[in-house]
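A.B. asks: Take a look at the letters that make up each chain.
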Amino acid sequence: MFSRRELLQNVSCGFGYLALAGLCAEQARAAGDSPLAPRAGHFKPRAKRVIFLFMQGGPSHVDTFDYKPQLAVDDGKTAPHQGQGFGSSKQTWKKSPFKFSQHGEGGLHISELFPHLAERADDLCLLNGMFTDQPIHSAASVLMHTGSSQFVRPSVGAWTLYGLGSKNQELPGFITLNPATKIGGAQNYGSAFLPASFQGTRIGNEGEKIAKAQVAHITNTRIAVGEQRRRLDLVQAMNRRRLEADVANNELEGVIESYELAFRMQGAMPKLMDVTDETQTTLEQYGVGAGPSDGRVRPLVSVGPPFRRGRRAVHRDLAFRLGPTQRLGQAAFRTCPGHRQADRGAVGRPR
Amino acid sequence: MFDVADPSLVVGRREVTTVAPQALFLMNSGFVLDQAGVLAEQLLEQTELSDAERVDLAYRLVLARPADDVERREGLDFFAATSNSLGRTPLTARISAWTGFCQALFGTAEFRYVY
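Chains as they are written, first to last, in our numbering: chain A, 1 to 351; chain B, 1 to 115.
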């Protein structure tokens with residue numbers, strides 16, 4: 001299978017590629033600076049940062065934020081879509097065992113599982129219009145993050161960075177904390193056909209404690225910074241020479257840009273991940289030290305005085321634990337928009 | 001770190017992440033520095049070769065092609081600049097310079113990707 005660039009390089013003795021090289025050079029001249037420089041949007045922005053919590057394995061929406069009164073009415077009745085669940089016996093509708101009530105001035109329907117969150121109902125915006133057509137985890141995860149499970153498309157963070165750039169040039173504009181290696185892996189925070197410098201940067205590894213999450217190899221204990229810069233200049237000279245010969249190669253540009261960003265990150269990152277200079281109130285507010293989440297998102301969101309604040313999308317996995325009698329594992333996706341089918345295996349709930 | 005394709009998905013071309021953590025690995029990890037040191041020693045053991053010939057040998061070993069004139073010149077300039085700036089004995093400065101050169105070769109996009 002050829003990429004479009006390979007096609008242009010090979011067909012008609014590469015004349016198409018000459019044209020592309022010319023176009024790219026013009027574009028580069030017009031753009032001028034780094035691909036991560038901030039750009040104005042079409043609207044005046046109100047949000048400054050996005051923290052995207054991808055909480056896989058969470059409880060069903062019908063038990064938490066999606067109130068389905070018709071489901072309670074139809075409880076126990078035979079579902080029309082047979083054969084789509086696990087096991088061979090008849091599939092019936094199953095209502096939520098949790099009570100819903102309305103909260104705040106907006107009257108949001110929130111289940112009894114979130115009494116504290118419900119108090120903040122007027123600060124929340126609930127979007128109950130989500131739809132999926134994927135029954136398996138990896139395809140669904142990729143659909144969630146990129147908008148398509150069939151085609152390889154850029155992640156939402158990559159689009160944001162592509163469109164808006166980042167104010168802070170010393171740190172990556174799109175980071176992901178302890179991302180999963182399965183369920184789609186790097187595709188969830190990839191840049192697909194966008195330039196490679198818009199990918200998400202990984203901090204930490206799946207399964208590690210988030211408190212230990214650090215960018216790997218951020219410091220060099222064996223050579224001084226001056227020497228390191230000299231070696232880096234040599235590598236970059238080699239890479240740039242290659243780029244001159246192959247102007248339209250955005251992977252090469254990604255490599256070059258990644259080295260420069262890496263060098264700047266060495267200075268900025270260790271200070272950023274260190275929360276010891278935050279006040280105790282701040283630490284408590286963000287839950288630093290408490291439980292699985294450990295508030296590690298905090299330092300990345302609010303970059304302290306020495307640095308300029310950056311716009312970034314953060315994507316993170318959390319294990320989600322429900323009330324005392326219920327411990328839900330991976331939730332299978334429900335395909336029926338109106339109702340939910342009872343399943344017997346994956347969710348582990350008594351029926 | 002250098003991503004494996006998920007077998008349950010349409011992946012198309014395997015993701016080629018080219019982000020800062022990979023650059024940091026190639027710049028700072030003990031593994032890469034050790035390997036660069038080993039290659040540098042191998043090159044310096046060839047005492048009958050001139051420096052320019054060693055540069056050529058390094059290119060052949062790492063990138064499977066000879067070095068052209070520009071690349072040879074660049075390598076020699078790098079040694080001169082490095083050796084001058086390090087206040088150590090000539091031998092350790094030389095090993096350090098060659099280690100740096102080998103590390104740079106490992107860091108090139110050409111070494112990382114098949115074009």
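If you are wondering where the hints come from, they were derived from the structure by calculation, not from laboratory data.
Hints should not be assumed to be uniformly reliable.
To be verified - Covered stretches of chain A, going by a simulated chain B footprint (3 or more residues, C-beta under 8 angstroms):
1. 224-238
2. 261-268
Claimed, not checked - Here are some chain A residues pointing at chain B (derived, C-beta under 10 angstroms):
3. L20
4. A21
5. L53
6. G57
7. K95
8. N168
9. V215
10. I218
11. T221
12. R241
Here a beta-carbon is modelled for each residue, glycine too, at the ideal position from N, C-alpha and C.
A.B. asks: Against each hint, give a clear statement of whether it holds in the structure.
C.D. replies: Outcome of the hint check:
no.	hint	verdict
1	224-238	holds (count 10)
2	261-268	holds (count 5)
3	L20	16 angstroms, violated
4	A21	15 angstroms, violated
5	L53	21 angstroms, violated
6	G57	17 angstroms, violated
7	K95	32 angstroms, violated
8	N168	13 angstroms, violated
9	V215	6 angstroms, holds
10	I218	6 angstroms, holds
11	T221	8 angstroms, holds
12	R241	7 angstroms, holds
In this structure, the hints that do not hold are numbers 3, 4, 5, 6, 7 and 8, in rising order.
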